[in-house]
Amino acid sequence: MTFENNFINHSKEYIFLDNDILSNQRKKIFKKIIQKNYDKKNNESLKNITISDLSKFNYFYKPIQEKSQVSLIDDFNYEIKVVNGICKNYEDDNIEIRNLTSLDFKSFLNQDNSNVDDIIIDFNKIFLNSGFFFNIKSNTKLHIRLIHDTSDNFTIFQNNFINFKKKSEVQLEDHFNLTNNSINNINYNISIEEYAVIKHNIFQNFANSNKLYLTSNTVCEKNSSYNQNTYNFSDGFVRNFHHAYLNGEFSNASLYGCFFLKNKNVCSNKTNIIHNAENCVSDQTYKGILNDYSKANYYSNTFVSENAQKTEGYQLSKGILLTDNCSFFSKPELKIFADDVKCSHGSTIGPVDESALYYLRSRGISKNEAMKMIISSFIEEDLQNLDKDIAEKISNNLSDYLNCLVK
Amino acid sequence: MIFLNINNLNVSIEGKKILNDFNITINEGEVHALMGPNGSGKSTLANVLAGNEDYEVNSGKVIFKDVDLLDLNIEERAQKGLFLAFQYPVEIPGVNITPFLHASINSKLKNEKKPEIDNLSFTKLLRKNAEELGISSDMLKRSINTGFSGGEKKRYEILQMSILNPEFAVFDETDSGLDVDALRIVTEGINKFKNPKNSFLIITHYQKLLEYIHPDYVHVMRNGKIVKSGDISLATEIEASGYQNF
Amino acid sequence: MDTKTSQTLDKYAQDKYKYGFVTDIESNRPKKGLDEDIITFISQKKNEPKWMLTWRLDCYKKWLKMSDPQWANLKFPEIDYQDIYYYSAPKGFEEKPKDLSEVDPKLIETYNKLGIPLEEQKVLAGVAVDAVFDSVSVATTYKGELEKLGIVFCSISEAVQKHPELVKKYLGSVIPPGDHSFSALNSAVFTDGSFVYVPENVKCPMELSTYFRINAEETGQFERTLIIADKGSYVSYLEGCTAPQRDTNQLHAANVELIALEDAEIKYSTVQNWYPGDEDGKGGIYNFVTKRGLCKGKNSKISWTQVETGSAITWKYPSCILKGDNSIGEFYSVAITNNFQQADTGTKMTHIGKNTRSKIISKGISLGHSQNTYRGNVSFLRKADKARNYTQCDSLLVGNKCGAHTIPYIDSKNNSAIVEHEASTSKINEGQLYYCRQRGLSHEEAVSLIVNGFCKQVLQELPMEFAVEAQKLVSISLEGSVG
Ligand SMILES: Nc1ncnc2c1ncn2[C@@H]1O[C@H](COP(=O)(O)OP(=O)(O)O)[C@@H](O)[C@H]1O
Ligand SMILES: [Mg+2]
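The listed protein sequences derive, respectively, from chains A, B and C. Positions in the first sequence are counted from 1; adding 19 to them yields this note's numbering. Positions in the second sequence are counted from 1; adding 2 to them yields this note's numbering. Positions in the third sequence are counted from 1; adding 21 to them yields this note's numbering.
What you were told as hints is all true, and nothing was included just to trick you.
No farther apart than 30 Å at their CA atoms in a straight line, the calculated lysine-lysine pairs in the DSSO-like style are these:
1) A:K60 / C:K96
2) C:K369 / A:K306
3) A:K391 / C:K434
4) A:K386 / C:K434
FYI, nobody ran anything at the bench for these hints, they're computed from the structure.
Please construct the entire structure, taking both the sequences and the accompanying hints into account.
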């Protein structure tokens, strides 16, 4: 199915169809893509993406509401199941959950702060067929487990909004339960109010036939904190693009990620932190292990605007290439317009540290075991900051990955 | 001539008051020791004397060699003969001590309307003084303070003092972080340099240093002001029972 | 920013360009603009053989189809290629003068003012100089000594006549004319530049130096340099540049190609001090330079050192293609921008051969309203087993109206290759300033000293013979801090 056919034939499935502003926007973006009015070569949003995947995909979408659910494990512990982008409307003292369609259109437009310079987001805007809206109330302390359940062959274009109100303290987990042949283009707009402290763990592990394009745009207000950890063990294609805007003084954001690739896995990553206020701290760290014929890229960017004095911004990327056939591209950028800053980035790409390998083997550890030990130590320190159950889950996935390595 | 007189000095940093009506008088040729618990404001005093712009002088007067010290900027004070041996000397990568100190001494000589010292004589002087302080010629080739141990940094400060020949030197915990041998070398350096024309303010935590350098006066500082002054016996008292009696 | 810092900044901003004088000399130039006639005119002026003209015209045709590269972080009005003179020679230079007695004394005086004496009795000790004035090479010193060793050091026009086989073989072999629009343009209209050939196993005993000077108004300078180091040879080359102070922008689009054969080493140093424009950003040179070295043979080495202080706009990425096994590429750079200068500079290290190594040390200093970008590309191709790169790029910001940007591209397709990249951006350290001032140095001296220390790793790579000269050229931007 071509892009044009999809656009015309499936228009009934899109949401906010009757709105003039949005339908004009859709048409405009559609035109831009059809006329190829974008730079194909230097476009970060297209790196390691097969354009034909985008222009010719099988669009299939039917909203199913009944399976979605919100369960309370205890007073502060929620499990929310989003089925094909649809969730149950729900409200209590801590949280308000709505489907996007029940949100009035104006607040939708106001809160949408997604990057316009991204073709994946362009697609999201055109085909938008689902989404939800969470409102986490002030002063709450919650743990939210969010399960994205996409049925076989479904194509999801989802735009989500999460508002963390003042002084809320939340640990949010994203799990992706994808079975076969699904395309998931998911965009998050996250807003974090004053003094809110948010930890966001994203866990990706699904089969080869699925594709996930996950984008987030997070705005941090005064004294707030956002800490994102992404773990990608997927066989299917993953694109992780995460942006954070430090708009209030003394806020901080960290975007961490790890990916473990094998076979012909492809993974595209980008983190981008924009300092718009004084006294903010940011950190971007991605680590990747690449095996077999896998391929990855990582763009990172620290932007410090003129008035963001006393900024600290750090970046680090590390890639380990296990075979001769994998490849890793990284582009760590610093764009600095204020003078009172401390910014740095470090980046290394290479094989497993030979001297460490040698050392371990000289102590009688087999080469395979030694490899495993070195690779696990690569992310060990990151696991220490995580809750026990998620750390355990990651450890298990890691040992599965390492066992594949050895054979 | 008034050598050094500090009168009701009040200083704050980021709105927090640190020096509280601080007073002291130091005459030509005197050695004063300033002791006090951590956070009592000793380094603050040293930095205010040197002209550090982070500190805000709220009120008070500092007269040094008959001029109002507070009217001068950092380098003017240094050129006038004030030297601060830093508690934590900063590393300056890529900058070698020879051109640095040469420029430094010439700025002072120029200020005093004396002829500048040429490169060759300066290098000789530097080598000689370094040798006396047990500083190897290898260390002279490295960048200022870069990769130095704590003790090496302190010796480097004394070396600079011996070259610049200041009338008034402030030592901010120059003894901390030194082992016995280093302490001996440093104090020998100071003693050798001492003469009836110059004066010292020695900030220290421990009595040990004062066994090597005999101060004329010992002051105890707490909460931003001097609470007691006396002679060396004060230091012995502190050594025995700490600061709680002050 | 405290008041002292801003005072020092103001002082920097007021520092005047010392080489901004104009030499009152009549020049010989055809009409403005670019077409096949002008190219033919240049070729005829240079008395070139037919193959050279054909090559130029081919390149011109390529250029017509290209547009200027857009990816750099630079803002400037579109260049009007029809509003530039493509050839200008001091009158009386139809033939290159045989010796200095034939050279206009005004020209010799110009070079004396720049600190580059051309008279035989005053020539710089141990340095052979080729002086290029607008479009033509004025004088080459020490020619005799070099000839004894079989080293060819002459203007590229002369090389086209006397060493056509070398020129034919290597011209455009490292920078294909179709690479981008500036390389195509240069290939079509290049007027002069230097040519060096060092024969097998010869270590060139002196520094070779070219001095570029743009004098005539509205003139573009398109020089072409070609350096070939044959097996086992060594050469060190330095390029210096100045231009008069004018309030219009002048275009400079040079191409430099280096070829190092087996076991050969080329060291190429640049002290670039083109007129940067005034405090308001008016005038100055647009410097679009393509410099690329090919480590063609095993164990060869190419090292670029640059001190960039001038030009309104700098677009420049001296690069190394590390093709021979075990070959080495190095890039050392200091880029200082002030007022409204814009620099987008860096390097590209392409590792093709096994065991190839590269090192990048870049120091950027931004002052005033300037924008300073480091752009670097390190790539390991599939066969580059055990290749290594180390990159360190540090930026210093002085004042809060300027920008410092670091944009590295790192691409590895080989799992035994190792790349390490470090970068930092910060303002000048207040603690260091305080320390220096406590020792009696003025604020300005302290800034200079610290900035100089910051650049030390790069400055120490400049050849000894040029230390004084380089210091003179850098002193304007680093007033008082070199020394
Ligand atoms: N730069 C600064 N910013 C904020 N507080 C400071 C700073 N420097 C010193 N202080 C505070 O001032 C007080 C006195 O410090 P200091 O003069 O260093 O004491 P001492 O040298 O006697 O240990 C302490 O409470 C310290 O925390
Ligand atoms: Mg102290």
